[in-house]
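Undergrad: Read off the chains here:
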Amino acid sequence: MNNDRTFFWRKLHSISGLIPIGVFLFVHFGINYTAFYGEEAFNNAAAFMGNLPFRYAMELFIIFIPLLFHGIYGIVIARDAKNNLTTYRYEKNLYFYFQRLSGIVVFLFLIWHVGTTRVPAAFGAEVNFDMVANLVENPLYLIFYIVGILMTTFHFSNGFRTMLITWGITANQKSQQFGKMLGILLFLVLSGIGLTAIFAFV
Amino acid sequence: MSEKTVHMKITRQDGPFSDPYVEEFRVPWRPSMNIISALMEIRRNPININGEETSPVQWESICLEEVCGACSMLINGKPRQACSTLIDSLAQPITVEPLTSFPCERDLIVNRERMFDALKKVKGWIEIDGTQDMGPGPKIAENERQKAYELSKCMTCGLCFEACPNINQRSSFVGPAPLAQVRLFNTHPTGQMQAEERLEQIMGEGGLTSCGNAANCVEVCPKEIPLTQSIALLNKETTIYSFKRFFHK
Ligand code: HEM
Ligand code: SF4
Ligand code: FES
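Taken in order, these protein sequences are the chains called L and H. Under this note's numbering, the residues of the first sequence are numbered 1 to 202, in order. Under this note's numbering, the residues of the second sequence are numbered 203 to 451, in order.
Derived from the structure by calculation, the hints contain no laboratory data. Don't take every hint at face value.
In silico contact screen, one side only, chain H against chain L (beta carbon under 10 Å); selected entries [what the hints assert, rightly or not]:
1. Val420
2. Ile433
3. Glu439
Okay, the calculated bits of chain H under chain L, using three or more residues with CB under 8 Å as the criterion [to be verified]:
4. 244 to 254
5. 359 to 368
6. 411 to 418
Using N, Cα and C, we set each Cβ at its ideal position, and we do this for glycine too.
Looking at chain H on its own, in the form it has when it is part of the complex (with noise of 0.2 Å):
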């Protein structure tokens, strides 16, 4: 039997405070296969390269077409989505590690609160209703909603947080993504009522300033979302803001 196989190296770790390890498998290849469903082969029939019977690998995936963000991982060293990474496109042996910028939960699974928690900071949200119903909002111009619209495909996947030399363990940084976000909600025109309290949000420290414009975000984002160019209108915005604050408000 001489069938084509797959042969990848996984970094697992068994829960959030144990050590790491590497596990090799070698699993049957078929056409159009990309991570996800190489995982699934391993779920499948859990036996690693040595015929030794092991536990499945664990991971997350929900849309399984780029669109959801939680199959995020490091896969031949690059941070990719799962699913929408083909085998065919990969050398061998595939590795496949976990991000390393967010906590790891168990084998692939990493948490990513720290990406939710600077979304809360920069109220990444649109306020609507208050105790009562307030009407429609004013009307977003065709231009401004195309642009709207690029910012807006962002699916929180963390890929640009993994590729940024300026977050780390040492640093506070608040992240590309939810700068990008900050003027996403503040080109709406009703997220624009809350623009200030959002510039104020990322103007302290760890904020918008942390970006050292090292641009690794915008190459590696799967989702093409204009980071840098985000991060230098912000910049204009938080001067302008500045001033406006030290003088006048």
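Next up, chain L with everything else stripped away, as it sits in the complex (with noise of 0.2 Å):
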């Protein structure tokens, strides 16, 4: 009789944006960071990603399928609100609406991301240091790099912390308040590594 699954895909969307999209965040901000050591550091780690076993599975499986299916179906869930941020300018309210306004500028960004790298890299070219170096150099592609890393980082926090709410983790004032801070400090670390990451190239 009930052949409604809009709790079973709401519950997936949200466990997505952590496991796997979340957690192969930190892991392709880690691989960037290597960058602030250096050229060939980071041309090291970028291969070992590269060499990785059962490489495109993984990357179908952990990044696109997940990513396409928790964009597309976010930007469903973003056009069922009629934000009101002007009559109600509430700290939560101004979140909520954030939190669709960069789930649609990552949804772009990494459009151009993957074109400007995996796109090449698929007709041959070479994933390394001086491929991300080359597109820097153009300010545009660096400021485009800048929003999309705090979009992303911001994204990601506060959908952590929206995420503790939606399980039914933080339930009462006080830890959601707690969870308000945990996101904060999230938003912080990973700007601050994404940051360092991306000017590492300039």
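Got two chains here, each in a separate frame; can you build the complex from them with the hints?
TA: And the structure:
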């Protein structure tokens, strides 16, 4: 009788933001950060990732499919909202709005990001330090990166905060305040790592 | 005659399908006036700011003490109860509009049926006797009673619907208040017997998962119902129930 699978898909959307996409974000930022130690360190780390076993299967099932699912469903969810920040200037409402805005910006950023890295790689270009360094030589592209990184770190950190609510972990005011502090901490740490990494290519 | 007056800008609508228009009024000020007493003044003497006679402005109010939920409207752009909003606390001119989340019947009267339908959907009641008297139900623990009492203060006023960004023409979200009521009836010792049915009702399209955690509802609720807390706890309960349903039931 019950064919409504909304609950399942919504929960899958929520968890997919953390596992695998969030976990991948950490790995990705970790690799990027090696650029801070120099070109060689980054190239080694990138080569290590590129040579992992089952690489294509892992890319498909850990990155592309979850990301497409989360992103496309996320846009569907965002379309449900009629944002009302002008009337209701409350902190959480601002986060609600930015969660949707950042999701859409991240979506566009990732299309560009994949298009300028994985797509050329598929046609034989080598993914290495120079590839990124050549991109960020152009100030416009550097700005794309900075915006993309900050939008991603905000989206993930705030998403982590709301995820604690979505799964009923933080319910009362005190714990939700604690969740917010965790989110802010995540945002600062991840943004620090991400920005340090991209400026290492400049 | 330099009496103090109250300047009101009221959004009016002659019927469910008519176009809204704004009419302004200036009514004599009295101490401790609230929005309802200002509206009553207009009803007593329905003359607008241009001195023209007009139809009295229609509104709904019952209790006049913020317990019935009938007098919800937008006052200076914010959703509030007209009976507990004092004129002296507001900047003039005071704008008064009907809520936008519900269909307007006339002037400031809206049809909140959407909320009552949602309460029916989630079985917002306690099933008591069947065809015969089933005797007294189990007792409720005092600490549970205290929590339940807070939830029971909801007056279905609809302010939380008005403020929620996920309630609009495009969405089918059941809304914050009915979700808190699920928690109320699921904590009641007799109501608990239908707890899973209520959870089942809010796990479909437009149910609990349509909440996007904007939390405007708790900001505007005049009865300080712990809406976000109720939603988070239901998130936990529905998740546990979903596993039970999948593996055991
Ligand atoms: C590709 C574009 C993306 C879009 C359009 C998007 C959209 C959204 C939207 C609209 C929500 C809110 C869902 C709700 O309130 O029910 C959300 C939640 C979330 N997103 Fe994304 N997202 C994207 C990418 C990402 C990425 C890259 C990550 C991780 C690094 C991520 C992690 C999360 C997390 C953790 C949540 C919280 C889930 C919850 O509250 O239960 N998202 N996303
Ligand atoms: S929860 Fe609060 S705002 Fe919502 S209907 Fe009940 S009393 Fe009104
Ligand atoms: S008249 Fe009952 S709440 Fe205002």
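Undergrad: Take the hints in turn and mark each one as holding or not.
TA: We went through each hint and held it up to the structure:
At its closest, the beta carbon of Val420(H) sits 9 Å from a beta carbon of chain L; the interface hint therefore holds under the 10 Å criterion. With a least beta-carbon distance of about 7 Å to chain L, the hint placing Ile433(H) at the interface is held under the 10 Å criterion. Residue-level restraint check for Glu439(H) holds (minimum Cβ-Cβ distance to chain L is 7 Å; threshold 10 Å). Closer than 8 Å: that is the beta-carbon criterion, and the stretch 244 to 254 of chain H has 0 residues meeting it against chain L, so the requirement of 3 is violated.
Given a C-beta distance limit of less than 8 Å, the hint that chain L covers the stretch 359 to 368 of chain H holds, as 3 residues qualify and 3 suffice. Here the stretch 411 to 418 of chain H counts 7 residues with a CB under 8 Å from a CB of chain L, which clears the bar of 3, and the coverage holds.
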